[in-house]
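Enquirer: Put chain L on the given structure of chain Y with help from the hints.
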Amino acid sequence: MNGNPYLEAFDWLADPVHWSGPSGIPMRALEHLGYTALGVFVAALIAVPIGLLVGHTGVGKGVAVAAAGAARALPTLGLVTLFALMLGIGLSAPLLSFVVLAIPSLLAGAYSAVESADPATVDAARAQGMTEWQILSRVEVPLGMPLLVGGFRGATVQVVATAMLAAYVGNGGLGRYIFLGLGSQDYPQMIAGSVLVIVLALVLDLVLLLTQRLTAPRGARTA
Amino acid sequence: MIGFENVRKEYPGGTIAVEDFSLEVASHESMVLVGTSGSGKTTLMRMINRMVDPTSGRVHIDGDDVAGLDPVKLRRSVGYVMQASGLLPHRTVLDNITTVPVLRGTSKNEARSRAHELMETVGLDAALASRYPAQLSGGQQQRVGVARGLAADPNILLMDEPFGAVDPIVRGELQQELLHLQRDLRKTIVFVTHDIDEAFLVGDRVVILRPGGVIAQIGTPQEILADPADDFVASFVGADRGARTLHVERTDGQDVVVDADGRAAGVLDAGGRSTS
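Heads up: the protein sequence lines correspond to chains Y and L, in order.
Heads up, the first sequence stops at 223 in my numbering, and the numbers go up one at a time, no gaps.
Heads up, the second sequence stops at 276 in my numbering, and the numbers go up one at a time, no gaps.
Derived by calculation from the structure, the hints in this document are not laboratory data.
You may find that some hints are simply not true.
To be verified - Over the 10 angstroms line for every Cβ pair with chain L, so calculated as not near, a few chain Y residues:
{"id": "1", "residue": "Ala-68"}
{"id": "2", "residue": "Asp-123"}
{"id": "3", "residue": "Ala-124"}
{"id": "4", "residue": "Ala-125"}
{"id": "5", "residue": "Ser-137"}
{"id": "6", "residue": "Val-139"}
{"id": "7", "residue": "Leu-182"}
{"id": "8", "residue": "Pro-217"}
Unchecked claim - Selected chain L positions facing chain Y (in silico; Cβ < 7 angstroms):
{"id": "9", "residue": "Tyr-80"}
{"id": "10", "residue": "Gly-86"}
{"id": "11", "residue": "Tyr-132"}
Beta carbons: idealized from backbone N, C-alpha and C, even for Gly.
Chain L extracted, bound-state conformation:
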């Protein structure tokens, strides 16, 4: 379990990134922090592995205050997948994936055989092992990033807009694969994004943040859609534009689900649920 208790982050010069934030993330849960830039979502996530230290307040993992943990050891025990992959350009795919296990003292052979397994898990061709990041597509680089994040088999996985830099089709694939992975691995995931659709897809629960790390609403995607807390949330999730208000129209003998603007969202299947 990850806990934030009255966390505040103020930078020298007076900029307040996070005013007063409290949250509990249950083990094996995937929690998405979503907000625009300036919402403090990345700052909050980086407090978990001490890439950022709060000005006041406490962050704890399974009851241990992270302030009392050695940052280097802590970071090696927490998986981190970042935007634009953050791979080391001078190391091969295999060496990138084995970075953390090797830092933790796992033998090179063991780390490598595990890395080969992970490449398969994240859908990377084994032939790519000896390539350098610059020789891969953006989607492949992100897969390597995910494999690297999982390499030391951490309980916690931090994901900072991991699919933000790839095209929509590849992003869709990567999101689906993350869902499959999570079904098997049951990691505690803290996922940061500015894309509400991605948040609703990936998150068991979603935190919608206003600027300054103020929680506008927290809940499952269903709860938030069913009952947006206020106009800010309604606007953020698109409910005010009618993008979330779907109704059924009958066309050519099929029940077609359309939104308020009349755009088709999917067809209604026999069970009565919309599929997209």
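Isolated chain Y (complex conformation):
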């Protein structure tokens, strides 16, 4: 422990022992991704339909904006602790916190996606005889897709960066290295864990950025 902990962290990362087995980096990274995906997925099931509905009808926009703002202000570590006290050790408490964390971005992304459609275009679609569902699914969502994916991007990056808290209450994920290192004052391992979380967050951000670009409606991109 006398050397530079940053250099030792890279030694730790380079050690083949840490790249295999159930507590190896690939497995932990997969767990980490799994928690993230699950959290964002459950949040999307709640937030996206509400966001689309709010964006399409304009009803409840004030409430949605206020709720999203309030949820953003909640400290996630506090939530994990609170839920863990209520639900016990396990995956439920952190997962619930990730859902709360992901909802504001997804909600804002969904309603701003729908709202971004030119009112004249929407009016024209309605005047041609599209049903409200067809207006939403064939006009508003395709045109707002980059904003909707932007909501997923924001939510995913926030959750992936926070998912290490799952290990705080006894689960896996890359947070294991951080909390194990913290417990045993093994700073290289902590740093290695942090670096892995950062890399994962950056990669996901990049992938979703590309998705955002690819889902931009073709005709609108030339405008």
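Expert: Same frame as chain Y, now just chain L:
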């Protein structure tokens, strides 16, 4: 036939868009509603396809009260051409034109072959079929808008200032082509504009509206020009400025028709009619 019976439109908050409006539009007739903003002309037109529901009164098409018709079905059966085209920016020209037939359940192939015909009818190059609206000029976009309005072969065509957003030269071309189209198609057209010259050109009959949807005068362009009902109409059609009072002056052996300000309007041909 389209009928308006004592139609009134009042918005929450007390704004009255239309006070009490009655009108009958005969089948195959082209009827122009003309007025300044606030005259309720667009509101009235949009009552025909239930984009606006009247607060009281009735709108009927061939005897059926539109209030009893399903708005979505009704809108699919009425062509609608709007200002600045209202095309879907994320769909190609061809997909825009086939929107309504596809909604009505026409097979994609059939709708597409019809769309190709319509592109020819409205003077669009076939190569434009796969373009997106943003890649077209304003005039081309309006042509696509007209083709889309005609795609399901509706009996009624609603046109909301369809040529308002294009330059005067292209507007002139589009107006002439609409006249040609109408000669063949004989649709029932309700056309909204604030441009009296366009109204007189396009309309078999013209309704001049005051604010609040009050009819100032209704008649053929000839009737209105020959006998403006009051000062409002005279001012609206430009008769009070002498823009409509033409006389003949002989210049270089030609009979030249000039207006009250001495501006040349055209030459008198052998038949004795002015051409512009």
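Enquirer: Please go over all the hints and tell whether each is borne out by the structure.
Expert: Taking the hints in turn, this is what the structure says about them:
{"no.": "1", "hint": "Ala-68", "in the structure": "27 angstroms, holds"}
{"no.": "2", "hint": "Asp-123", "in the structure": "7 angstroms, violated"}
{"no.": "3", "hint": "Ala-124", "in the structure": "3 angstroms, violated"}
{"no.": "4", "hint": "Ala-125", "in the structure": "7 angstroms, violated"}
{"no.": "5", "hint": "Ser-137", "in the structure": "13 angstroms, holds"}
{"no.": "6", "hint": "Val-139", "in the structure": "6 angstroms, violated"}
{"no.": "7", "hint": "Leu-182", "in the structure": "50 angstroms, holds"}
{"no.": "8", "hint": "Pro-217", "in the structure": "3 angstroms, violated"}
{"no.": "9", "hint": "Tyr-80", "in the structure": "4 angstroms, holds"}
{"no.": "10", "hint": "Gly-86", "in the structure": "3 angstroms, holds"}
{"no.": "11", "hint": "Tyr-132", "in the structure": "3 angstroms, holds"}
Checked against the numbered hints given earlier, the structure breaks hints 2, 3, 4, 6, 8 and satisfies all the rest.
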